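S.K.: Sequence:
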Amino acid sequence: MVIEYVLFIFGIYLLIKSSDFIVGASSTLAKKLGISTLVIGLTVVAFGTSLPELVLNIFARSRGSSEIVFGNIIGSNIANILFVLGITSIVGVVKLKSSTIWREIPFALLSVFVLFLLISDALFKPGDYYIGIKEGLLFLSFFAIFLYYIYHHAQKDRSKVVLSREVKENYNKIYLRLAVGLLGIYFGAKWVIDGAIFISAQLGFSEFLISATILAIGTSLPELVVSVVAVWKKNVDLAIGNIIGSNIFNILWVLGIIPLFGKLLIPPFIFVDIAILFIATLVLFIFIFIGKKHEIGFREGLVFILMYILYLGFLIVRG
Numbered sequence: 001m002v003i004e005y006v007l008f009i010f011g012i013y014l015l016i017k018s019s020d021f022i023v024g025a026s027s028t029l030a031k032k033l034g035i036s037t038l039v040i041g042l043t044v045v046a047f048g049t050s051l052p053e054l055v056l057n058i059f060a061r062s063r064g065s066s067e068i069v070f071g072n073i074i075g076s077n078i079a080n081i082l083f084v085l086g087i088t089s090i091v092g093v094v095k096l097k098s099s100t101i102w103r104e105i106p107f108a109l110l111s112v113f114v115l116f117l118l119i120s121d122a123l124f125k126p127g128d129y130y131i132g133i134k135e136g137l138l139f140l141s142f143f144a145i146f147l148y149y150i151y152h153h154a155q156k157d158r159s160k161v162v163l164s165r166e167v168k169e170n171y172n173k174i175y176l177r178l179a180v181g182l183l184g185i186y187f188g189a190k191w192v193i194d195g196a197i198f199i200s201a202q203l204g205f206s207e208f209l210i211s212a213t214i215l216a217i218g219t220s221l222p223e224l225v226v227s228v229v230a231v232w233k234k235n236v237d238l239a240i241g242n243i244i245g246s247n248i249f250n251i252l253w254v255l256g257i258i259p260l261f262g263k264l265l266i267p268p269f270i271f272v273d274i275a276i277l278f279i280a281t282l283v284l285f286i287f288i289f290i291g292k293k294h295e296i297g298f299r300e301g302l303v304f305i306l307m308y309i310l311y312l313g314f315l316i317v318r319g
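Take the sequence shown: its letter number 195 is residue 195 in the numbering used here, and every next letter is one higher.
I should point out that these hints are in silico values taken from the structure, not numbers from a laboratory. Just so you know, these numbers come straight off a predicted model, no measurement behind them. Incorrect hints may have been included.
Computed list of lysine-lysine pairs in DSSO-like fashion (alpha-carbon distance at most 30 Å, straight line) [unchecked claim]:
| no. | residue 1 | residue 2 |
| --- | --- | --- |
| 1 | Lys97 | Lys263 |
| 2 | Lys125 | Lys17 |
| 3 | Lys134 | Lys97 |
| 4 | Lys293 | Lys234 |
| 5 | Lys233 | Lys97 |
| 6 | Lys17 | Lys32 |
| 7 | Lys95 | Lys234 |
| 8 | Lys17 | Lys293 |
| 9 | Lys263 | Lys125 |
| 10 | Lys263 | Lys31 |
| 11 | Lys32 | Lys293 |
| 12 | Lys32 | Lys234 |
| 13 | Lys95 | Lys233 |
| 14 | Lys173 | Lys190 |
| 15 | Lys134 | Lys17 |
| 16 | Lys31 | Lys17 |
| 17 | Lys263 | Lys95 |
| 18 | Lys173 | Lys32 |
| 19 | Lys125 | Lys31 |
| 20 | Lys134 | Lys32 |
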């Protein structure tokens, strides 16, 4: 019994450290290639910090735990905005570019709306409903559109970005760090899923509650570390790009790939959590235009943290 708890905790630690390896190596590689900071945040860093969710949920699906998949993805996205962005805004002011305001954040809202639309039958009609290959391919189609936009954005910015001469690390070391990070994420995800299923059974909690709280916060810690450090170093584009990019990746990429391994049963109660995610993203959009324009600071950060505490309270009461 003790070993399951130990491996669960160590698995979360391994996910965080391995993600840090991948983010660091990916960022270094992007800098060597002359890619802008915002694009790095929206793509390579968002990919690295979303990788734990992907691998973890592939394991969850292989064990038939659809509640863990939905709890982790929706819970992580809510945690990214209310918890990660909340703490990041308390550490330092987050000033957003107009492209982020009018393109990336609306795309994050669109991804939540697409998720709601594709599973809406489960809300309005009785019976069991699933996300299958067809829905997965639709998610991946929207993800391809997002990547095309990022590619177009990168091409426009590339002429303005000077290739970094300060990056001394050679390609072999970068690829080695990527390989070590991927290996760590594999084993970390396996131990976390095994532990989550065991703990939920032992304590009588639902798998969704465990995944939307402990797992969601655990897999959002890479985003938190990356974003706080980025703001602390006055690299705000990387912070906000990482948070928004991760949320888009989690829905369109992770939920696009998982159904390819087998259909996912839609939990009937998930619509409340999706509504909370949509509201959280919308509140972010609104905050940008009140107070100091295009900035999220200490006050907004406190509001986000309070909203997240209320959400956690709701999850615990719901059980």
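S.K.: Work down the list of hints and note, for each, if the structure agrees.
M.R.: Verification of the hints:
For a cut-off of 30 Å, the pair hint linking lysine 97 to lysine 263 is broken: about 38 Å separates their Cα positions. For the proposed pair lysine 125 and lysine 17, the alpha carbon gap of about 43 Å is over 30 Å, so the pair is violated. This hinted pair does not check out: lysine 134 and lysine 97 have alpha carbons roughly 35 Å apart, beyond 30 Å. Among the hinted pairs, lysine 293 with lysine 234 is consistent with the structure: their alpha-carbon atoms are about 18 Å apart, no more than 30 Å.
Between lysine 233 and lysine 97 the alpha-carbon distance is near 17 Å, which keeps this suggested pair within the 30 Å criterion. For the proposed pair lysine 17 and lysine 32, the alpha carbon gap of about 23 Å is at most 30 Å, so the pair holds. Note on lysine 95 and lysine 234: the hinted pairing holds, with a Cα-Cα distance of about 10 Å set against a maximum of 30 Å. A distance of roughly 36 Å separates the Cα atoms of lysine 17 and lysine 293; the hinted pair therefore is violated under the 30 Å criterion.
A distance of roughly 19 Å separates the Cα atoms of lysine 263 and lysine 125; the hinted pair therefore holds under the 30 Å criterion. At most 30 Å may separate the alpha-carbon atoms for a hinted pair to count; lysine 263 and lysine 31 exceed this at roughly 39 Å. Note on lysine 32 and lysine 293: the hinted pairing is violated, with a Cα-Cα distance of about 34 Å set against a maximum of 30 Å. With a C-alpha separation of about 20 Å, the suggested pair lysine 32 and lysine 234 falls inside the 30 Å cut-off, and the hint holds.
Simply put, lysine 95 and lysine 233 have alpha-carbon atoms about 14 Å apart, close enough for the 30 Å limit, and the pair holds. The suggested pairing of lysine 173 with lysine 190 holds, with an alpha-carbon distance near 26 Å, which does not exceed 30 Å. About 34 Å separates the Cα atoms of lysine 134 and lysine 17, which puts this hinted pair outside 30 Å; it is violated. Our distance criterion of 30 Å between C-alpha atoms is met by lysine 31 and lysine 17, whose separation comes to about 21 Å.
Among the hinted pairs, lysine 263 with lysine 95 is inconsistent with the structure: their alpha-carbon atoms are about 40 Å apart, more than 30 Å. In summary, the hint linking lysine 173 to lysine 32 is supported, as the alpha carbons are separated by about 13 Å, within the 30 Å threshold. Restraint check: the Cα-Cα separation between lysine 125 and lysine 31 comes to about 50 Å, which exceeds 30 Å; the hinted pair is violated. Restraint check for lysine 134 and lysine 32: not satisfied, since their Cα atoms lie roughly 38 Å apart, outside the 30 Å limit.
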